[in-house]
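Participant: From just these sequences and the hints, can you work out the full model?
Using our numbering, the letters of the sequence shown correspond one by one to residues 276 to 454.
Calculated from the structure, these hints are not laboratory results. Any given hint could be a false lead.
Claimed, not checked - The calculated lysine-lysine pairs, modelled on DSS-like cross-linking and capped at a C-alpha distance of 25 Å, are:
(1) K332 to K382
(2) K411 to K427
(3) K357 to K318
(4) K332 to K306
(5) K329 to K357
(6) K411 to K288
Said to hold, decoys possible - Label pairs and their computed distance ranges (CB to CB):
(7) Y356 to K306: 19 to 25 Å
(8) Y356 to R449: 22 to 28 Å
(9) A376 to I448: 16 to 22 Å
(10) Y308 to S384: 29 to 35 Å
(11) D371 to G399: 23 to 29 Å
(12) A441 to T311: 20 to 26 Å
(13) Y325 to N419: 37 to 43 Å
(14) K354 to R389: 17 to 23 Å
(15) E331 to L425: 31 to 37 Å
(16) A416 to T311: 41 to 47 Å
(17) G330 to E442: 19 to 25 Å
(18) R380 to K332: 21 to 27 Å
(19) R452 to A376: 18 to 24 Å
(20) G386 to K318: 29 to 35 Å
We treat Cβ as the ideally placed atom computed from N, Cα and C, and that holds for glycine.
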Amino acid sequence: MRLIVGLGNFPEKYALTRHNFGFLALEALSKKYNFTPFKLESKFKAQLSYGEIKGEKTILCKPQTLMNLSGEAVGPIMKFYKIPLESLVVLTDDLDQDFGATRLRVKGSDGGQRGLRHITKVLGSAEYLRLKFGIKNEFRARFNAADFVLGKFTAEEQAALGAVIAEGLEKLIRFDRFS
Numbered sequence: 276m277r278l279i280v281g282l283g284n285f286p287e288k289y290a291l292t293r294h295n296f297g298f299l300a301l302e303a304l305s306k307k308y309n310f311t312p313f314k315l316e317s318k319f320k321a322q323l324s325y326g327e328i329k330g331e332k333t334i335l336c337k338p339q340t341l342m343n344l345s346g347e348a349v350g351p352i353m354k355f356y357k358i359p360l361e362s363l364v365v366l367t368d369d370l371d372q373d374f375g376a377t378r379l380r381v382k383g384s385d386g387g388q389r390g391l392r393h394i395t396k397v398l399g400s401a402e403y404l405r406l407k408f409g410i411k412n413e414f415r416a417r418f419n420a421a422d423f424v425l426g427k428f429t430a431e432e433q434a435a436l437g438a439v440i441a442e443g444l445e446k447l448i449r450f451d452r453f454s
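Facilitator: Okay, here's the thing in structure tokens:
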């Protein structure tokens, strides 16, 4: 069994903000593979969706915690379903990459992303797959990090979101460790 976690902020006012790239990518993945509708499972502090990708049972997870406490959802789900670390994938925004860039990493630092930091702390390891979507643009220097990540995508970025997400997800699905 595999767990794919999209990082984001759950109140509706954050729906189209840069920090919600993980939720947006998860929604696209859910539609592409015909998963069940997301449903709040309060014991896991998350909205979950179930289906299969490449013949493997897969859970999609949108934590309903603060972004900085995402491990509160991820840890209990992994323990309950006995999901090994190598079967975890986290989809997230990346402030250090330009908008449109995607990066697949098997392990590494959290890069300042506090949701990743908390998941790593709860799991006791950073050796899990993550797909990072770049959000940096020409306006980044004008804002502090918190204001920038919670800002809405520009009109040009919104127009490109579908293609950027599709490219990143294709990279993930083709990855040999994902088979």
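Participant: Could you run down the list of hints and mark each one as holding or not?
Facilitator: Quick rundown of the hints versus the structure:
1. K332 to K382: The hint holds at about 23 Å.
2. K411 to K427: holds (12 Å)
3. K357 to K318: holds (16 Å)
4. K332 to K306: Holds: K332 and K306 sit about 16 Å apart, inside 25 Å.
5. K329 to K357: holds (20 Å)
6. K411 to K288: holds (21 Å)
7. Y356 to K306: 19 to 25 Å: With a Cβ separation near 23 Å, Y356 and K306 satisfy 19 to 25 Å, so the hint holds.
8. Y356 to R449: 22 to 28 Å: holds (25 Å)
9. A376 to I448: 16 to 22 Å: holds (18 Å)
10. Y308 to S384: 29 to 35 Å: holds (30 Å)
11. D371 to G399: 23 to 29 Å: holds (25 Å)
12. A441 to T311: 20 to 26 Å: Given range 20 to 26 Å: holds, Cβ gap about 21 Å.
13. Y325 to N419: 37 to 43 Å: holds (38 Å)
14. K354 to R389: 17 to 23 Å: holds (22 Å)
15. E331 to L425: 31 to 37 Å: holds (34 Å)
16. A416 to T311: 41 to 47 Å: holds (42 Å)
17. G330 to E442: 19 to 25 Å: Distance hint for G330, E442 holds at roughly 23 Å.
18. R380 to K332: 21 to 27 Å: holds (24 Å)
19. R452 to A376: 18 to 24 Å: About 20 Å separates the Cβ atoms of R452 and A376, which means 18 to 24 Å holds.
20. G386 to K318: 29 to 35 Å: Check passed, 30 Å falls within 29 to 35 Å.
Hint check: no violations occur; every hint is consistent with the structure.
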